[in-house]
Amino acid sequence: MNGHDPGNRFLGVGASLPAFSFPDLDGSLKPLSAGGGENFIVFMWASW
Amino acid sequence: MAVAVDTQGGEAPARFARQVEGAFPVLVDAEGLLAQTFGFRAIPNGLLVGPDGVVDAVVAGGFDVRRAETRSLIDEWLDGQSIPLFEPDESSWSPEVRRLFHGAVEALRRKDRPEAIKLLATAFSLERDNYIIRKQLWAIEHPERFYDGAIDRDWQRQQLEQGR
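If you read the sequences in order, they're chains A and B. Every letter in the first sequence is one number past the one before it in numbering that gives the first Met the number 0, and letter 24, counting from 1, is 23. Every letter in the second sequence is one number past the one before it in numbering that gives the first Met the number 0, and letter 135, counting from 1, is 134.
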């Protein structure tokens, strides 16, 4: 883990995936852990 | 699982993501929370997560399955091999930059584009190495370079050369 920010804990390898939920393309909230139960990949991208 | 970062919400990412929807979930992180939490200042990134929900690897930048390096890394991870770390060197975004970024998201929700541009420009002035803020600012200021057909990479290179 590199560094620390008091307002927003900085995570790295060994951390549990944060319990965030984000809307899908239709606006329905889905947890980031929706792929849980097996190995899965969170791919961060942007349309810019 | 794909997470798109866009302060403008899901409309712009949907133009690209509808093509892959169904293969895996596509979520939209307008606030940039994931980037802030893991200290990412550029995109694309990858989090390799084990069955227990623990992050086995953080790949900061260049995470692209079209690249052989990325595919090899994923194969090694799935084979249970230890893999090299590519974590960001810096800490998370500063509280002031996060506040400004959040303010820009709120301004866009109110359709106040000039205010969003002002806030993002201030955030970028405080964190010049943050390409997420920089490119988000470009996309709002110059949507024609991003959303009218193909993304104009030559224009982006020119902006970088000119320090914008």
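By construction, these hints were calculated from the structure, which means they are not laboratory data. Bear in mind the structure is a predicted one, so any value in this text is a computation, not a measurement. For each residue, glycine too, the CB sits at the ideal point set by N, CA and C. Any given hint might turn out to be false.
[What the hints assert, rightly or not] Now the stretches of chain B that chain A is said to cover, found in silico as 3 or more residues with beta-carbon under 8 Å:
id, stretch
1, 114-128
2, 135-142
3, 157-163
[Said to hold, decoys possible] Partner residues aside, some chain B positions facing chain A, computed with beta carbon under 8 Å:
id, residue
4, A3
5, D5
6, R14
7, V19
8, G21
9, A22
10, L33
11, L77
12, V104
13, A149
14, I150
15, W154
[As the list claims (entries may be wrong)] Here are the in silico distance ranges between beta carbons for each label pair:
id, chain 1, residue 1, chain 2, residue 2, range
16, A, E37, B, A149, 16 to 26 Å
17, A, S15, B, D78, 34 to 44 Å
18, B, R108, A, P30, 33 to 43 Å
19, B, D153, A, G36, 24 to 34 Å
20, B, A67, A, G36, 39 to 49 Å
21, B, V53, A, K29, 30 to 40 Å
22, B, S81, A, S15, 35 to 45 Å
23, A, G13, B, E160, 37 to 47 Å
24, A, G13, B, A67, 34 to 44 Å
25, A, G13, B, L77, 32 to 42 Å
26, A, G36, B, E143, 20 to 30 Å
27, B, D51, A, S27, 34 to 44 Å
28, B, E68, A, S15, 22 to 32 Å
29, B, R108, A, G13, 16 to 26 Å
Here is what the structure says about each hint:
1. 114-128: With 0 residues close enough to chain A, the hint is violated.
2. 135-142: As far as the stretch 135-142 of chain B goes, the hint holds, because 3 residues have Cβ atoms under 8 Å from chain A.
3. 157-163: Per the Cβ count (0), the hint is violated.
4. A3: 6 Å, holds
5. D5: With a minimum Cβ separation of about 6 Å from chain A (threshold 8 Å), the hint on D5 of chain B holds.
6. R14: Interface hint status for R14 of chain B: holds (7 Å vs cutoff 8 Å).
7. V19: Nearest chain A Cβ about 10 Å off; hint violated.
8. G21: Violated - the Cβ of G21 of chain B stays beyond 8 Å from chain A, reaching only about 11 Å at its closest.
9. A22: Violated - the Cβ of A22 of chain B stays beyond 8 Å from chain A, reaching only about 11 Å at its closest.
10. L33: 6 Å, holds
11. L77: 6 Å, holds
12. V104: Violated - the Cβ of V104 of chain B stays beyond 8 Å from chain A, reaching only about 13 Å at its closest.
13. A149: 11 Å, violated
14. I150: Constraint on I150 of chain B satisfied, holds at 7 Å.
15. W154: 11 Å, violated
16. A:E37 with B:A149: 16 to 26 Å: 35 Å, violated
17. A:S15 with B:D78: 34 to 44 Å: Cβ of S15 of chain A to Cβ of D78 of chain B: about 23 Å, so the range 34 to 44 Å is violated.
18. B:R108 with A:P30: 33 to 43 Å: Since the Cβ atoms of R108 of chain B and P30 of chain A sit about 22 Å apart, the hinted range of 33 to 43 Å is violated.
19. B:D153 with A:G36: 24 to 34 Å: Roughly 44 Å apart at Cβ, these two residues miss the hinted range, so it is violated.
20. B:A67 with A:G36: 39 to 49 Å: 29 Å, violated
21. B:V53 with A:K29: 30 to 40 Å: 20 Å, violated
22. B:S81 with A:S15: 35 to 45 Å: 20 Å, violated
23. A:G13 with B:E160: 37 to 47 Å: 39 Å, holds
24. A:G13 with B:A67: 34 to 44 Å: Hint violated: Cβ distance 27 Å, outside 34 to 44 Å.
25. A:G13 with B:L77: 32 to 42 Å: 19 Å, violated
26. A:G36 with B:E143: 20 to 30 Å: For E143 of chain B against G36 of chain A, whose Cβ atoms are near 43 Å apart, the range 20 to 30 Å is violated.
27. B:D51 with A:S27: 34 to 44 Å: 26 Å, violated
28. B:E68 with A:S15: 22 to 32 Å: Because 27 Å falls inside the window, the suggested range holds.
29. B:R108 with A:G13: 16 to 26 Å: 35 Å, violated
Consistency with the previously given hints fails for numbers 1, 3, 7, 8, 9, 12, 13, 15, 16, 17, 18, 19, 20, 21, 22, 24, 25, 26, 27, 29, ordered from lowest to highest.
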